[in-house]
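Given chain A's structure and the hints, the job is docking chain B onto it.
Line by line, the protein sequences are chains A and B.
Per the numbering used here, residue 1 is the first one in the first sequence, and the count goes up by one each step.
Per the numbering used here, residue 1001 is the first one in the second sequence, and the count goes up by one each step.
It should be emphasised that the hints constitute simulated quantities derived from the structure, not laboratory data.
The model shown is predicted, which means the values in this text are computed figures rather than measured ones.
Cβ coordinates follow ideal geometry from the N, Cα and C atoms, glycine included.
Some clues are possibly wrong.
What the hints assert, rightly or not - Residues on chain B that point at chain A, a partial pick, calculated with CB under 10 Å:
#1 P1023
#2 F1060
#3 Q1070
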Amino acid sequence: MIPEPQGEIRIGAEVDIITARKVVRELASQAGFGLTDVTRIVTAASELARNVFRYAGTGVLRWRKIDTVTGTGVEFIFEDFGPGIADVDQAMQEGFTTSGGLGVGLPGAKRLMDEFQIRSEPGKGTVVKISKWRRK
Amino acid sequence: MSEAEVSIIRVQGTLMVTLPADPDDPTVNSLQERVLEALERRPARGVVLDISAVDTLDSFFARMIAETCQMVALMGSPTVVAGMRPSVAITTTQLGMSLGGATTALDVERALLLLERQGGGRARR
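Chain A extracted, bound-state conformation:
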C-alpha cells in the first residue's frame, strides 16, 4: 500500500490504529527517512491515533508530504471531536493521565518529532499536528 502524498483516513475503531501506523510508516519511508526516524514517527503516530480512539472514539488522520528547497518533511494531523482536554499544559506533563495509562503519550510523541502543536477545546475536540524534517 503506497499512500498518496496527501490524504486522510478515519479513525473510528481499534483496527484503525494499525492502519494509521501502516500509512505513516509507508509515507515516512517514501520520504526517505532512515529506519530509526521512521520508527520514531510511527511510534508518535501510534500514540496519537490511540488517543483519538480512546478519548474521542472517532477522528481523522490527515497526512502531507512536504517538499521544499531546504528539505523533505512529513506532517500528520490528528483531529477529533471528542471531549477535548481541559488543561493542555497539564496533559503535556510527563506522567499525567486521566485514563489509567502512563501519561507518556503526548510528551513522548513531542520528543520523538521535530514539531508538535496541540490545540484543544473542552466539549469540541482536539487537534494535534506533528511533523519531522529530513535535511537535504
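Structure of chain B alone, referenced to chain A:
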C-alpha cells in the same frame, strides 16, 4: 491476520513467546492471559519474550510487555525479553518508556543461556 498472531511454544522446558511485527491492540491485550495460562498448564523454567520482529513499541505495547514480566514473576518464573531492535530501543527510550526492569538479552540464544544459568538447568515438569 495470521501474520499478526502471538506464537507460544515450549522448547526444552522454556516457554518461547514470539511477538509479531505489528500486532493490533486486542492481540497485545491477550498476550498476558495467554502466557500465564500456558504457564499454569505446564510450568516452565522461564519465559522468553521474543520481540525481534517488533518494529513499533509504543507506550501501550511496552507497558503490556513490562506487566507480563511482572505477572510471570508472580507465578514464580523468570522472563527474558529478547531481540529488541536498535531503532526500537532508541525510540522506546526517547518516548520515556522502560520495560520496568525486565531482564533483557540481545537475542533468543542469549536469553536461553541466561535462563539456563539462572534456573540451574532442568525444567520442572
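Hint check, B/F1060 versus chain A [nearest Cβ-Cβ separation less than 10 Å]: Interface hint status for B/F1060: holds (6 Å vs cutoff 10 Å).
Given hint B/P1023 near chain A, where the shortest CB pair must fall under 10 Å: Given a least distance of 8 Å, the restraint on B/P1023 holds.
Interface hint compliance - B/Q1070 to chain A, C-beta minimum distance less than 10 Å: 14 Å, violated
In this structure, only the earlier hint numbered 3 is contradicted, and the remaining ones agree with it.
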